[in-house]
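Protein chains: 2
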Amino acid sequence: MADRPNFATLPDPPYYAVIFSSELDSSNPGYDEMAERMVELASEQDGYLGIESARCSTGFGITVSYWRDEASIRRWKQNTEHRLAQEYGRTRWYSSYELRIAKVERAYNHINSERR
Amino acid sequence: MADRPNFATLPDPPYYAVIFSSELDSSNPGYDEMAERMVELASEQDGYLGIESARCSTGFGITVSYWRDEASIRRWKQNTEHRLAQEYGRTRWYSSYELRIAKVERAYNHINSERR
Chain G
487 MADRPNFATL PDPPYYAVIF SSELDSSNPG YDEMAERMVE LASEQDGYLG
537 IESARCSTGF GITVSYWRDE ASIRRWKQNT EHRLAQEYGR TRWYSSYELR
587 IAKVERAYNH INSERR
Chain R
487 MADRPNFATL PDPPYYAVIF SSELDSSNPG YDEMAERMVE LASEQDGYLG
537 IESARCSTGF GITVSYWRDE ASIRRWKQNT EHRLAQEYGR TRWYSSYELR
587 IAKVERAYNH INSERR
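As you go down the protein sequences, you meet chains G and R in turn. Going by this note's numbering, the first sequence runs without a break in its numbering and finishes at 602. Going by this note's numbering, the second sequence runs without a break in its numbering and finishes at 602.
Bear in mind the hints are in silico, worked out from the structure with no lab data behind them. Mixed in with the good hints, there may be bad ones.
Any copy will do: because identical chains look the same in the list, a pair fits if it lies in one copy or spans two.
[Said to hold, decoys possible] Using 20 Å as the maximum straight-line C-alpha spacing, the simulated EDC-like pairs for lysine to aspartate or glutamate come out as follows:
(1) K563 with E526
(2) K589 with D532
(3) K563 with E591
(4) K589 with D555
(5) K563 with E530
(6) K589 with D498
(7) K589 with E556
Isolated chain G (complex conformation) (with noise of 0.2 Å):
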């Protein structure tokens, strides 16, 4: 799976997703540092499984984390440094945003290994 850098590795389900979509302005100051470090705090959090992120040129972007439980989830939403980042992204970096709660119930995978 080391060719798959993009694509979480997470046992089967169920388990929970945390689908972040949500569009970044032109100008986001401080924007990427702060991404970089979330992804890095969240993977420490118990009950993290796994992210996938993906962002268009245009500045629209899904970013869906995964995790073990509700409870994990509550818990990443009240860690301190994760508060001032969702603070930081309401009022500086996203013109808007949605956030989805989600049990996966269900999952398949499809690799083309002949071609690689």
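Use these hints to put chain R onto chain G, whose structure you have.
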């Protein structure tokens, strides 16, 4: 909401999400046209609620489509034209993908109207 073209406008939860993470091959003849057609076709299906999509310049992307219930997702999966697109996806366009079916339980949003 007309100024938020990338965001899906959805009813209150619960509803279902299909989280599709994929790595697009650098050579993907016909992909853009088919992707556009699939968004159009999906939007005509019973139970379709909306779609959000973002892809990095490196080829990694996340598309989340939203559906009323699991029956709608099953029907969409079996749609004849969509099945052809799935086959092309496996054999021609994606080096790898992950597909997850999840039940959205809660949703929040934030819109910075003051900056618009």
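Taking the hints in turn, this is what the structure says about them:
Proximity of K563 to E526 under the C-alpha cut-off of 20 Å is restricted to the intra-copy arrangement: shortest distance 15 Å within a copy versus 36 Å between copies. In the homo-oligomer, the alpha carbons of K589 and D532 lie at most 20 Å apart inside one protomer (18 Å), although the nearest pairing across protomers, at 23 Å, exceeds that limit. Proximity of K563 to E591 under the C-alpha cut-off of 20 Å is restricted to the inter-copy arrangement: shortest distance 16 Å between copies versus 22 Å within a copy. With identical chains, the CA atoms of K589 and D555 are at most 20 Å apart both within one copy (9 Å) and between copies (14 Å).
In this assembly of identical chains, K563 and E530 lie within 20 Å of each other by CA distance solely inside one copy; the values are 14 Å within and 36 Å between copies. For the identical chains of this complex, K589 and D498 are neighbours both inside a copy (12 Å) and across copies (16 Å), given an alpha-carbon limit of 20 Å. Taking the shortest Cα distances, K589 and E556 sit within 20 Å of each other both inside one copy (9 Å) and across copies (13 Å).
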